[in-house]
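Okay, here's what each chain looks like letter by letter:
Number of protein chains: 2
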Amino acid sequence: MTTIAVLIGKDFEDSEYSEPARAFRNAGCRLVHLGLKKGETVTGKKHATPVQIDMEVDSAGPDDFDALLIPGGYSPDNLRAHKGPVRFVKHFMERDKPVFAICHGPQLLISAGKLQGRKATGWKSLLCDMKYAGADYLDKEVVVDGNLVTSRRPSDIPAFVDACLKMLGLAGKKAA
Amino acid sequence: MTTIAVLIGKDFEDSEYSEPARAFRNAGCRLVHLGLKKGETVTGKKHATPVQIDMEVDSAGPDDFDALLIPGGYSPDNLRAHKGPVRFVKHFMERDKPVFAICHGPQLLISAGKLQGRKATGWKSLLCDMKYAGADYLDKEVVVDGNLVTSRRPSDIPAFVDACLKMLGLAGKKAA
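Order-wise, the sequence lines are chains A and B.
Start counting at 1 in the first sequence, then tack on 6, and there's your number in our numbering.
Start counting at 1 in the second sequence, then tack on 6, and there's your number in our numbering.
Here are the computed lysine-lysine pairs in the DSS-like style, where the Cα-Cα straight-line distance is at most 30 Å:
1) A:K16 to B:K43
2) A:K16 to A:K52
3) B:K51 to B:K89
4) B:K137 to A:K125
5) B:K146 to A:K43
6) B:K96 to A:K146
Sample of chain B residues facing chain A (criterion: CB under 10 Å; computed from the structure):
7) P82
8) D83
9) N84
10) L85
11) H88
12) V92
13) H110
14) W129
15) S131
16) C134
17) Y138
18) A139
If you want the footprint, here are the derived chain A segments under chain B, 3+ residues with CB under 8 Å:
19) 83–89
20) 116–127
21) 134–143
Treat the hints as calculated values from the structure; they're not laboratory data.
Cβ atoms here follow ideal geometry from the backbone N, Cα and C, with glycine treated the same way.
Go ahead and model the full structure; you've got the sequences and the hints to work with.
As structure tokens, this is what we get:
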């Protein structure tokens, strides 16, 4: 079974978590929610969608997961103020495992120092930050570069999910 | 009378607006709230402090003001997704007029391309972004570099306000 780490904190963009999560589960994946505190419930910024943290990110290693999802909203900025989430993203990128980041998700990639020379996209307010961090910013609904899948905003979710499932070899699959 | 532009949008950090605003008014300053839409009320992210926008930022010119205050929270990221606020900050910095930015406030300075070679500070999640943008990031409660005053977080507000009032030549002044 494909196991996906979801790195998530307070004030995430609801749909950027819930829609990919539903698609991944429908394709038979298991999700593990990583955050700052095990057992804590974090909520989305628009609709207060609740997500319970399964595991403290400091206790998680990239080898336990097949891919990493980073939803947007204010969650990535809240998480990257702490060392654990930044270290986890850095290690995940160094393993060359699939990383899926949407909207503000690339903020964690910047803090992990992993956008240098990478083709990527993200929410328009991050354009400068991503360019300064060395990314080749493309204004497209989804950008795939090696292990990295990025998108700009909620309206890109269908293309984002398609690209993620394709990278996992699960395009068109439904759970039994 | 000293007139201060306050560039503000939704989900600002309440105290980073209300405490400097009170201090500036107590020192006899007039505040003009600039935002995306005249007449709109934007609210703080913690206590829903209401602020009514006096003037659309696209209609405002830096020559109409003596200084610029940029409170933090999620407001700077929301504003910098639009051209008007970024252009206003750029022009203000190019006039070498006093600019006061706290916490996430420097995000607008990054998007305006005005941190290159400047000593500055800001909320810890911005450390990478500010360094990549060319700033000399200092982990201090307040950093003064030429026309620019920056601070890291709400607990820095007293030092921030003192440095701002000093730059305006209003230290120790009270309104009549």
